[in-house]
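Protein chains: 2
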Amino acid sequence: MSYFRRDIDELVGYTPGEQPQAGKFIKLNTNENPYPPSPAVARAISATLERGLSRYPDPLATAFRQRAGEVLGVDPDGILCGNGSDEILTLVTRAFVGERELLRLPYPSYILYKTLAQIQGARSEEVHFAADWSLSDDFLRPADGLRLALLPNPNSPSGTIIRPQRVLELAERLPCPLLVDEAYVDFAETNCLALVSASDNILVSRSLSKSYALAGLRFGFLVAQPQVIAGLRKVKDSYNCDALSIAGATAAIDASAWLAENRARILATRVRLTAGLRALGFAVVESQANFVWATHDGRSARTLYEQLKQNHVLVRYMDYAGWGDGLRISVGTDDQIDACLALLKTMV
Amino acid sequence: MSYFRRDIDELVGYTPGEQPQAGKFIKLNTNENPYPPSPAVARAISATLERGLSRYPDPLATAFRQRAGEVLGVDPDGILCGNGSDEILTLVTRAFVGERELLRLPYPSYILYKTLAQIQGARSEEVHFAADWSLSDDFLRPADGLRLALLPNPNSPSGTIIRPQRVLELAERLPCPLLVDEAYVDFAETNCLALVSASDNILVSRSLSKSYALAGLRFGFLVAQPQVIAGLRKVKDSYNCDALSIAGATAAIDASAWLAENRARILATRVRLTAGLRALGFAVVESQANFVWATHDGRSARTLYEQLKQNHVLVRYMDYAGWGDGLRISVGTDDQIDACLALLKTMV
Numbered sequence: 005m006s007y008f009r010r011d012i013d014e015l016v017g018y019t020p021g022e023q024p025q026a027g028k029f030i031k032l033n034t035n036e037n038p039y040p041p042s043p044a045v046a047r048a049i050s051a052t053l054e055r056g057l058s059r060y061p062d063p064l065a066t067a068f069r070q071r072a073g074e075v076l077g078v079d080p081d082g083i084l085c086g087n088g089s090d091e092i093l094t095l096v097t098r099a100f101v102g103e104r105e106l107l108r109l110p111y112p113s114y115i116l117y118k119t120l121a122q123i124q125g126a127r128s129e130e131v132h133f134a135a136d137w138s139l140s141d142d143f144l145r146p147a148d149g150l151r152l153a154l155l156p157n158p159n160s161p162s163g164t165i166i167r168p169q170r171v172l173e174l175a176e177r178l179p180c181p182l183l184v185d186e187a188y189v190d191f192a193e194t195n196c197l198a199l200v201s202a203s204d205n206i207l208v209s210r211s212l213s214k215s216y217a218l219a220g221l222r223f224g225f226l227v228a229q230p231q232v233i234a235g236l237r238k239v240k241d242s243y244n245c246d247a248l249s250i251a252g253a254t255a256a257i258d259a260s261a262w263l264a265e266n267r268a269r270i271l272a273t274r275v276r277l278t279a280g281l282r283a284l285g286f287a288v289v290e291s292q293a294n295f296v297w298a299t300h301d302g303r304s305a306r307t308l309y310e311q312l313k314q315n316h317v318l319v320r321y322m323d324y325a326g327w328g329d330g331l332r333i334s335v336g337t338d339d340q341i342d343a344c345l346a347l348l349k350t351m352v
Numbered sequence: 005m006s007y008f009r010r011d012i013d014e015l016v017g018y019t020p021g022e023q024p025q026a027g028k029f030i031k032l033n034t035n036e037n038p039y040p041p042s043p044a045v046a047r048a049i050s051a052t053l054e055r056g057l058s059r060y061p062d063p064l065a066t067a068f069r070q071r072a073g074e075v076l077g078v079d080p081d082g083i084l085c086g087n088g089s090d091e092i093l094t095l096v097t098r099a100f101v102g103e104r105e106l107l108r109l110p111y112p113s114y115i116l117y118k119t120l121a122q123i124q125g126a127r128s129e130e131v132h133f134a135a136d137w138s139l140s141d142d143f144l145r146p147a148d149g150l151r152l153a154l155l156p157n158p159n160s161p162s163g164t165i166i167r168p169q170r171v172l173e174l175a176e177r178l179p180c181p182l183l184v185d186e187a188y189v190d191f192a193e194t195n196c197l198a199l200v201s202a203s204d205n206i207l208v209s210r211s212l213s214k215s216y217a218l219a220g221l222r223f224g225f226l227v228a229q230p231q232v233i234a235g236l237r238k239v240k241d242s243y244n245c246d247a248l249s250i251a252g253a254t255a256a257i258d259a260s261a262w263l264a265e266n267r268a269r270i271l272a273t274r275v276r277l278t279a280g281l282r283a284l285g286f287a288v289v290e291s292q293a294n295f296v297w298a299t300h301d302g303r304s305a306r307t308l309y310e311q312l313k314q315n316h317v318l319v320r321y322m323d324y325a326g327w328g329d330g331l332r333i334s335v336g337t338d339d340q341i342d343a344c345l346a347l348l349k350t351m352v
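Listed in order, the protein sequences are those of chains A and B.
All the letters of the first sequence, read from the start, carry residue numbers 5 to 352 under my numbering.
All the letters of the second sequence, read from the start, carry residue numbers 5 to 352 under my numbering.
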């Protein structure tokens, strides 16, 4: 007999991309940054380590919030820090969506959202993107128990973006909060941060995993109006961010020049990857993220994924039920991308 | 209008002990270890930092589980790692207790348990300890919707322990899982780890914050039968422990000689603190933890707390509704304890 809630027993669980702990792979499957983080991050972590770890960390990560507030031009009281933006998504879901209530998400997008609803004992509803990756007014339609809408922007796997003007329109017409998941936004042309002051209905989450090259550190944050942040603080664990990650994240958010340079390199390689794949006959969506979504009329995406893996190149094979499959390939270094393209050339 | 779930709107929220970010305090209020952690911890963290943070960490913290399994004599598949044992408590509550269902806890004990039930939209029921801090069969009585019982052991604020034989009896007779919160157990004479293999009804949580002097690192873990751990893995965030904390925790759990020496020092100072307080007329419960619970017939605990704070000594003032108040004083260094006792001597 199981003591788990029925929702948990029935849950398959979210499977993140493979993280091989051994073996030598060119890893283009989980959108990590191929470059090391700003050297200021390690310096800040070492200094904190030197000062010691026996005391509890600041429950509100004030140092980060103040620095991020200045860098991003937002109110520090409108920032909630989390143990990765995954924790932010979990907290927001727990705060807004009760059992049997409804969470809305676009499709195909980040599969985790659906799992978060399931864990909460809530329902989820997928609204399909249009063929051009725009989002129709179907995303706004009233529904019983609708309590939260999640919008990854840029989206995964497409790398496409919904313009801020349209996001604001969605938020103003939705009967529930809209969380804009901007995990990849530093690689895009635009973002929705400025909308937060315009609407208490808009929450924007950010991650330091991708654009700041800190997936191993686990740090993300949410920007929303202060009264929303105050409510969410009640839901989080008291000390949800550790002393080393607060120090590292504070140094990272301050490293604007590093970010600009890293972004420029990734964007240049993204152009190269997109062109290289198209030259091999792939259809590639124009990406605003650090990955591209590629499909090939003549070749099975699953087979290509498996053949690449045999050759120690990991990409993400995605199969969205009722929609289709393809390869999501992270933008690595030029050398990594060249190696991947050279292998694909022998396969298509 | 608020979009929060009503449970969240109505929630006051858990307030952790004060963590002054500025000013010089003798901090005896949140049961941190007054000594630095094993030097092996900083070495392991520095080595991981050197290897880089741009990759996601191992989702299952396998290195820690293997080392902890050997050190503690438990199955690595029976270990779940968490971002502090607070996260473990949150995960277990979310996995077992649905809205309007019931969580049982002893009283007075760790106030957070009640908050966790409230966040989940669940009910909680407090069963009072007997005057000698034993737990009567009232803790076992059937109740509608009872899904989880939490037992801090050693308990806070009393520092007392329920013997493993009695814990096993409770677990076998309860109609729901029993989580034994062993955050302070390394300072006690006994523990319940061996009970896990005897009953799939027993879950034991541990923290590295206190006995391993790593409150700033955020690392805790749960020991239970592997099928229980497998269910809980579905509820946790994919990458809930960061690369630095996994490395540091693995080094810490391996440092058995450091633990034994640190424990001996804390226990010696606990004897000194207990005797010193009693000499000043305090009633002090015999403690199995790194703190003591002290009350004074002739003096207001709140006033003593405030006077100590004015003199830059922080202790924890606790006021349990319907039960009483007192001071919970962490075992610091001998010098810190002497300073606290000298101040108290001028006040009583």
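Careful: at least some of the hints might be erroneous.
Just so you know, same-sequence chains aren't split out, so a pair can sit in one copy or run between any two.
Below 20 Å or equal to it, Euclidean Cα-Cα: the simulated EDC-like pairs (lysine to aspartate or glutamate) are [unchecked claim]:
no.	residue 1	residue 2
1	K28	D62
2	K238	E22
3	K238	D13
4	K313	D81
5	K238	E103
It should be emphasised that the hints constitute simulated quantities derived from the structure, not laboratory data.
Hint-by-hint comparison with the structure:
no.	hint	in the structure
1	K28 <-> D62	between (38 Å within a copy, 16 Å between copies)
2	K238 <-> E22	between (33 Å within a copy, 16 Å between copies)
3	K238 <-> D13	between (27 Å within a copy, 9 Å between copies)
4	K313 <-> D81	neither (45 Å within a copy, 27 Å between copies)
5	K238 <-> E103	both (19 Å within a copy, 17 Å between copies)
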